[in-house]
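Once you have looked at the hints, place chain B with the ligands on chain A.
In order, the protein sequence lines correspond to chains A and B.
Position in the first sequence counted from 1, then plus 9, gives you this note's numbering.
Position in the second sequence counted from 1, then plus 559, gives you this note's numbering.
Everything labelled a hint here was simulated from the structure, so no lab data went into it.
We put the beta carbon where it would ideally sit given N, CA and C, even for glycine.
There could be a bad hint or two in this list.
If the Cβ cut is set under 7 angstroms, some of the chain B residues that face chain A in the computed set are [unchecked claim]:
(1) Leu628
(2) Ala629
(3) Met630
(4) Pro632
(5) Glu633
(6) His637
(7) Gly639
(8) Gly652
(9) Ala665
(10) Leu698
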Amino acid sequence: MSDQPWLAALRARAAERFAADGWPDRRTEHWKYTPVAPIERARLAPVDAAAQRAEVQAVRAAVAPEAADFVRDFSDLPPAVQAGIGRVAALEGHAFAARNLLDLHDGLVIHVPRGVRVAAPIVLAWGTPAVGAARPVRVLVLAEAQAEVTVIERFDGDGEGAALTNAVTEIIARDGAQVRYAKAQLERDGAFHVGRVAIEAGRDARVEAHLLNLGGALARTELDVALVAPGADVALKGLFGGRGARHQDQHVTVRHQSPRATSDQDFRGVLAAGARGVFTGLVHVAAGAHHTRATQQNRNLLLDAGAHVDTRPQLEIHNDDVQCSHGATTGRLDATALFYLRSRGLDATTARQLLTLAFAAELTEALPDEALRALALDRLRDAITGG
Amino acid sequence: MIEIKNLHVRTEGGAEILKGLDLSIPAGQVHAIMGPNGSGKSTLSYVLAGRDGYEVTAGSVLFKGQDLLAMAPEERAHAGIFLGLQYPVEIPGVSNAYFLRTAVNAVRVARGLPALDAVAFMAEMRRAAKVVELSTEMLKRDVNVGFSGGEKKRNEILQLGLLDPEFAILDETDSGLDIDALSVVARGINAHRGPGRSFLVITHYQRLLDHVRPDVVHVLQGGRIVKTGGPELALELEARGYGWVTEGA
Ligand SMILES: Nc1ncnc2c1ncn2[C@@H]1O[C@H](COP(=O)(O)OP(=O)(O)O)[C@@H](O)[C@H]1O
Ligand SMILES: [Mg+2]
Numbered sequence: 010m011s012d013q014p015w016l017a018a019l020r021a022r023a024a025e026r027f028a029a030d031g032w033p034d035r036r037t038e039h040w041k042y043t044p045v046a047p048i049e050r051a052r053l054a055p056v057d058a059a060a061q062r063a064e065v066q067a068v069r070a071a072v073a074p075e076a077a078d079f080v081r082d083f084s085d086l087p088p089a090v091q092a093g094i095g096r097v098a099a100l101e102g103h104a105f106a107a108r109n110l111l112d113l114h115d116g117l118v119i120h121v122p123r124g125v126r127v128a129a130p131i132v133l134a135w136g137t138p139a140v141g142a143a144r145p146v147r148v149l150v151l152a153e154a155q156a157e158v159t160v161i162e163r164f165d166g167d168g169e170g171a172a173l174t175n176a177v178t179e180i181i182a183r184d185g186a187q188v189r190y191a192k193a194q195l196e197r198d199g200a201f202h203v204g205r206v207a208i209e210a211g212r213d214a215r216v217e218a219h220l221l222n223l224g225g226a227l228a229r230t231e232l233d234v235a236l237v238a239p240g241a242d243v244a245l246k247g248l249f250g251g252r253g254a255r256h257q258d259q260h261v262t263v264r265h266q267s268p269r270a271t272s273d274q275d276f277r278g279v280l281a282a283g284a285r286g287v288f289t290g291l292v293h294v295a296a297g298a299h300h301t302r303a304t305q306q307n308r309n310l311l312l313d314a315g316a317h318v319d320t321r322p323q324l325e326i327h328n329d330d331v332q333c334s335h336g337a338t339t340g341r342l343d344a345t346a347l348f349y350l351r352s353r354g355l356d357a358t359t360a361r362q363l364l365t366l367a368f369a370a371e372l373t374e375a376l377p378d379e380a381l382r383a384l385a386l387d388r389l390r391d392a393i394t395g396g
Numbered sequence: 560m561i562e563i564k565n566l567h568v569r570t571e572g573g574a575e576i577l578k579g580l581d582l583s584i585p586a587g588q589v590h591a592i593m594g595p596n597g598s599g600k601s602t603l604s605y606v607l608a609g610r611d612g613y614e615v616t617a618g619s620v621l622f623k624g625q626d627l628l629a630m631a632p633e634e635r636a637h638a639g640i641f642l643g644l645q646y647p648v649e650i651p652g653v654s655n656a657y658f659l660r661t662a663v664n665a666v667r668v669a670r671g672l673p674a675l676d677a678v679a680f681m682a683e684m685r686r687a688a689k690v691v692e693l694s695t696e697m698l699k700r701d702v703n704v705g706f707s708g709g710e711k712k713r714n715e716i717l718q719l720g721l722l723d724p725e726f727a728i729l730d731e732t733d734s735g736l737d738i739d740a741l742s743v744v745a746r747g748i749n750a751h752r753g754p755g756r757s758f759l760v761i762t763h764y765q766r767l768l769d770h771v772r773p774d775v776v777h778v779l780q781g782g783r784i785v786k787t788g789g790p791e792l793a794l795e796l797e798a799r800g801y802g803w804v805t806e807g808a
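With the rest of the complex left out, here is chain A (with noise of 0.2 angstroms):
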């Protein structure tokens, strides 16, 4: 089976861009905290068409059956729908989107038309890459007007050795849709993951995303925001970290571009022995984008000296009647709070795992999906035994 012709044109275009672009490096401005050299180093090879048309099968096929009828392939898209994909992820100045279209044959595309309701969950189970392969992962959300949605996208890790990830997820969500969205990256110790969720939310269109960053050797998700129209409302949440030899970036940029929308975005770290962590966040409220309202915070936990991360929250805001806040703090563990557990008679671990536990709760709490918020908490409570 060959390509569709246009996925063929997408990639001509990703080939251009790469070629102008070629690999971020120290000196690019939104990679400052992040090396991209070890996954360079890695000389990893890209997964071929036919494996990788195996892996949206399987994939596709263990969506729950009530929901599956929803989710499409890139086989036979109608022209609108095709439109969607690489619409809201722009490629300049991001080497990794276009390097995930570069080397894309296949994807997932969820369509969700105008006023239907779909009840169940729709888990994209991305399954763990081989060893020395780079995985393109390419998922359209597209929820039409009064649409509602919830996705998750699950990026597993058993087993060993390095690989990448490179993973793309645009959601459109029109008018009035709503559309709840979880990524759980949870990627072996050895493997590198560089992700891309874009979100376009129009008139009165709710989204909520969750971004877990808590596996892989090196991992990276970029959330791109636009609010479009008029009424349009995006929460992320994300939560990051682990334990040992972890590199996890978080880089948010949401962009309000008309009047009465809403952001917030509440980013928590919890990182240990040697884990490091990176925020950046800019919100930006363009020139007639009046009456937005944005908040931005990202708190972290560093549980022990070897833990370190950087954070930026950022504003620029071309407005006078806006209503925004933002803040960052880095903490450790309550020593007081710590006492006062174990004097009640939990052992050391078990306080300093509550402890960690709460700081992440409204996190974990509202996150869409039971699994999803287990393996959240066990890798929370890894990241004090080093489990």
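The following block gives chain B with the ligands in isolation, referenced to the frame of chain A:
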């Protein structure tokens, strides 16, 4: 029950707070410690419960014959020590009910008792909450978050009731309480008095002792017990302050 001999304690900063404190509390008795602000009352309570940040430079503490100072805070709790804090800690993100159940079961298992399941624990908690007139609403909220001063102290006495200690230290459980809250707390304490349980009630004021009648009253000043007497000593301190205690010594 508890035998403190020649206890010397300094802070990590090097300041000596307790300077040769002796105190012995037999089983079933309630002892009160009074003393001016900054005399080291809370320090004593923390050292007995095992909080970090204090160095014992001399002396010993035996609890039922065991070396208390060699034990971790949780081991002390398991062995039967309880400290009601002067300033109970707020823990956002942890519900009070979950915290209480985790604590109760940690202590039960360490004492060789079976853990309580959710149903059995709820029954137990309701019973204990009634004693201190805490509503079930307070049990659902996060630990001490948004509690009034009185509710925090009642929550401490609730924990006392659930953890079933043999030796309870109550550090200024009366401070910041209005008269109604004080009588609820006092009733809670009295409900837990018994032959197998000893109390060390730390207080600044006489008024708690009107409700919880102590067997013995001590005055802590300058890092040592400088005077010991019966309940009437508390009244005398209330009337005359602390100055006279050491003047005559
Ligand atoms: N952890 C500590 N570090 C330094 N100084 C302390 C510490 N704890 C108590 N202190 C000091 O020790 C003295 C006694 O304090 P505390 O035991 O709280 O007294 P009380 O409870 O009788 O008011 C005070 O001067 C206080 O400032
Ligand atoms: Mg005190």
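Hints, one by one, checked against the model:
1. Leu628: Interface hint status for B:Leu628: violated (15 angstroms vs cutoff 7 angstroms).
2. Ala629: It is violated, given that the least Cβ distance between B:Ala629 and chain A is near 15 angstroms, above 7 angstroms.
3. Met630: violated, 11 angstroms
4. Pro632: With Cβ-Cβ at 4 angstroms, under 7 angstroms, it holds.
5. Glu633: At about 5 angstroms, which falls below the 7 angstroms cut-off, the nearest Cβ of chain A leaves the hint on B:Glu633 intact, so it holds.
6. His637: holds, 6 angstroms
7. Gly639: Not OK, violated: B:Gly639 not within 7 angstroms of chain A, min 10 angstroms.
8. Gly652: holds, 3 angstroms
9. Ala665: holds, 4 angstroms
10. Leu698: For B:Leu698, the interface hint is violated, since the closest Cβ of chain A sits about 15 angstroms away, which is over 7 angstroms.
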